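Asker: Listed below, chain by chain, are the residues.
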Amino acid sequence: MRTATPSFSDLIKNPIAAIIILLAISLSFLFLPPKLSNRIKMTCVVPMRPLQWATCFCSNSASNFLDKVFSGWRNAHVKKQLEEQVSEFKNKIIEQQDTIYKLQSKLYTLSKFQAENKSKTKPIPADIIGYDSLTFRKSITVNAGSKHGVKANDIVVSNNALVGKVVLVSGGSSVVQLITDPASRIPGRVLQTREQVIIEGNATGFCQLKYVPRWAKLKKGDDIISSDIGGFYPPSLPIATVMETEIKGGDLFQSVKVLPKVNISKMEQVLVIIN
Amino acid sequence: MRWFTFFCILLGISLFQSTLMNWINIGSAAPDLYFPLVIFYSFLADIKRNTIANWFVGMSKDLFSEGSFGINSVFFIAMGFFVWSIRGILFRGHLVTQVLVTFIFSCIYNILYAAHATLSFHSLSLSATLWTIFTCSLYTAIIVPALFWIFSKLQPTQQFFSQ
Chain A
52 MRTATPSFSD LIKNPIAAII ILLAISLSFL FLPPKLSNRI KMTCVVPMRP LQWATCFCSN
112 SASNFLDKVF SGWRNAHVKK QLEEQVSEFK NKIIEQQDTI YKLQSKLYTL SKFQAENKSK
172 TKPIPADIIG YDSLTFRKSI TVNAGSKHGV KANDIVVSNN ALVGKVVLVS GGSSVVQLIT
232 DPASRIPGRV LQTREQVIIE GNATGFCQLK YVPRWAKLKK GDDIISSDIG GFYPPSLPIA
292 TVMETEIKGG DLFQSVKVLP KVNISKMEQV LVIIN
Chain B
19 MRWFTFFCIL LGISLFQSTL MNWINIGSAA PDLYFPLVIF YSFLADIKRN TIANWFVGMS
79 KDLFSEGSFG INSVFFIAMG FFVWSIRGIL FRGHLVTQVL VTFIFSCIYN ILYAAHATLS
139 FHSLSLSATL WTIFTCSLYT AIIVPALFWI FSKLQPTQQF FSQ
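Top to bottom, those sequences are chains A and B. Here the numbering used here is used: the first residue of the first sequence is 52, the next is one more, and so on. Here the numbering used here is used: the first residue of the second sequence is 19, the next is one more, and so on.
Hints were generated in silico from the structure; no laboratory data involved. These numbers were taken from a predicted model, which means no experiment stands behind them. Beta carbons: idealized from backbone N, C-alpha and C, even for Gly. Be careful, since some hints might not be right.
Claimed, not checked - To give an idea of the chain A side of the interface with chain B (calculated C-beta under 10 Å), a few residues: (1) Phe-80; (2) Phe-82; (3) Arg-245; (4) Glu-251; (5) Gly-252; (6) Gly-256.
What the hints assert, rightly or not - Cβ pair distances, simulated, as ranges: (7) A/Asp-118 x B/His-134: 34 to 42 Å; (8) B/His-112 x A/Glu-297: 40 to 48 Å; (9) A/Glu-139 x B/Ile-65: 50 to 58 Å; (10) A/Arg-265 x B/Leu-130: 32 to 40 Å; (11) B/Trp-149 x A/Met-318: 18 to 26 Å; (12) B/Leu-108 x A/Arg-125: 44 to 52 Å.
All chains should be modelled from the sequences, with the hints used to inform the complete structure.
Answerer: Pasting the structure below:
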């Protein structure tokens with residue numbers, strides 16, 4: 052006796068079949084090409100962006116209101132502004148120091164090239180409207196997208212310090228991979244010793260330096276800036292400060308922990324640098 | 019189980035998780051608001067509804083994060099299935115059970131995700147990762163009583179326990 056082939060509705064009613072179907076859908080998403088899956092993601096999330104923006108706006112407004120209330124007692128607001136200015140000036144000093152280094156080394160041609168490159172860029176201010184929901188990934192969503200001229204791989208800065216790069220772009224918003232994301236690798240240089248390093252995120256509030264030779268003399272407080280090796284990031288952009296160095300037994304390289312220049316949890320606005 | 023309520027809860031959690039976490043983070047410890055929802059439905063719904071709910075929760079988390087698309091839905095379906103399969107031997111109505119199960123399965127989920135991230139990027143340090151897993155799972159477990167209370171107010175649970 053022949054049995055009828057079960058219909059799709061019969062399959063859905065069977066729990067095991069439902070699990071298998073849903074798993075298959077998820078796995079098929081996993082094996083989609085990244086470009087396609089990113090496009091699906093951005094398209095699905097677009098209706099949520101205004102809600103995210105509104106929530107962030109309300110949260111920032113509430114935060115600012117509370118700040119103002121408490122400023123009467125502790126001048127918190129003024130202190131915050133002063134701290135931001137000091138941080139900005141410190142970063143500018145670092146940039147100036149780096150320029151002096153380059154002039155001393157008579158790298159006039161390179162400086163000229165840098166100036167030309169800078170003139171081609173245009174900064175776009177953007178508000179942060181969302182954060183990554185995963186513990187082990189670090190990204191932010193900003194309200195500037197392809198409508199504003201933002202493209203994938205554009206650089207994002209705050210207070211003259213590197214924040215990350217744009218990885219996904221939709222019409223009115225973009226996802227920025229932060230320098231603390233485990234997938235982030237940035238070619239850099241130690242400002243004081245001129246050692247070349249790779250700054251790598253590790254999903255904590257800190258980053259680590261890769262391939263720092265054992266003999267490199269790094270100390271706490273040394274500044275890490277971006278280098279133009281690879282031509283992806285603009286040179287001389289402050290990134291982080293050395294916090295700890297450790298040389299383990301037989302390792303070829305030092306283990307160096309660095310603190311990003313920007314406090315990502317306190318940022319509200321960033322600048323997207325478009326070429 | 020009311021699906022409209024479920025999607026409203028999911029929308030609320032997604033918005034909170036993707037915008038307001040800075041308000042409740044303690045250092046590097048950030049609670050995962052999605053995970054208690056997975057445990058809640060695994061404890062209370064039947065296998066089919068539980069699987070579908072967990073799939074939606076996972077997809078929602080995937081949409082609001084910069085990782086592989088689909089990975090969280092796979093993990094959440096698996097976690098939901100395991101919790102559902104052992105719930106018969108647990109006193110699932112008790113708060114301690116809910117907190118402990120959330121903590122243990124959150125640790126397992128985070129370890130799995132960290133392993134996936136390590137294989138993909140080779141940049142997570144073992145000690146920092148273990149500490150992050152512990153603190154985040156602990157924080158997630160600590161907020162379970164409040165979240166379960168809210169979920170049960172929105173989604174009455176008496177009918178589930180009588181099943």
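Asker: Against each hint, give a clear statement of whether it holds in the structure.
Answerer: Evaluation of the provided hints:
no., hint, verdict
1, Phe-80, "holds (3 Å)"
2, Phe-82, "holds (8 Å)"
3, Arg-245, "violated (24 Å)"
4, Glu-251, "holds (5 Å)"
5, Gly-252, "holds (7 Å)"
6, Gly-256, "holds (6 Å)"
7, A/Asp-118 x B/His-134: 34 to 42 Å, "holds (39 Å)"
8, B/His-112 x A/Glu-297: 40 to 48 Å, "holds (45 Å)"
9, A/Glu-139 x B/Ile-65: 50 to 58 Å, "holds (57 Å)"
10, A/Arg-265 x B/Leu-130: 32 to 40 Å, "holds (35 Å)"
11, B/Trp-149 x A/Met-318: 18 to 26 Å, "holds (24 Å)"
12, B/Leu-108 x A/Arg-125: 44 to 52 Å, "holds (49 Å)"
In terms of the numbered hints stated before, the structure departs from hint 3 and from no other.
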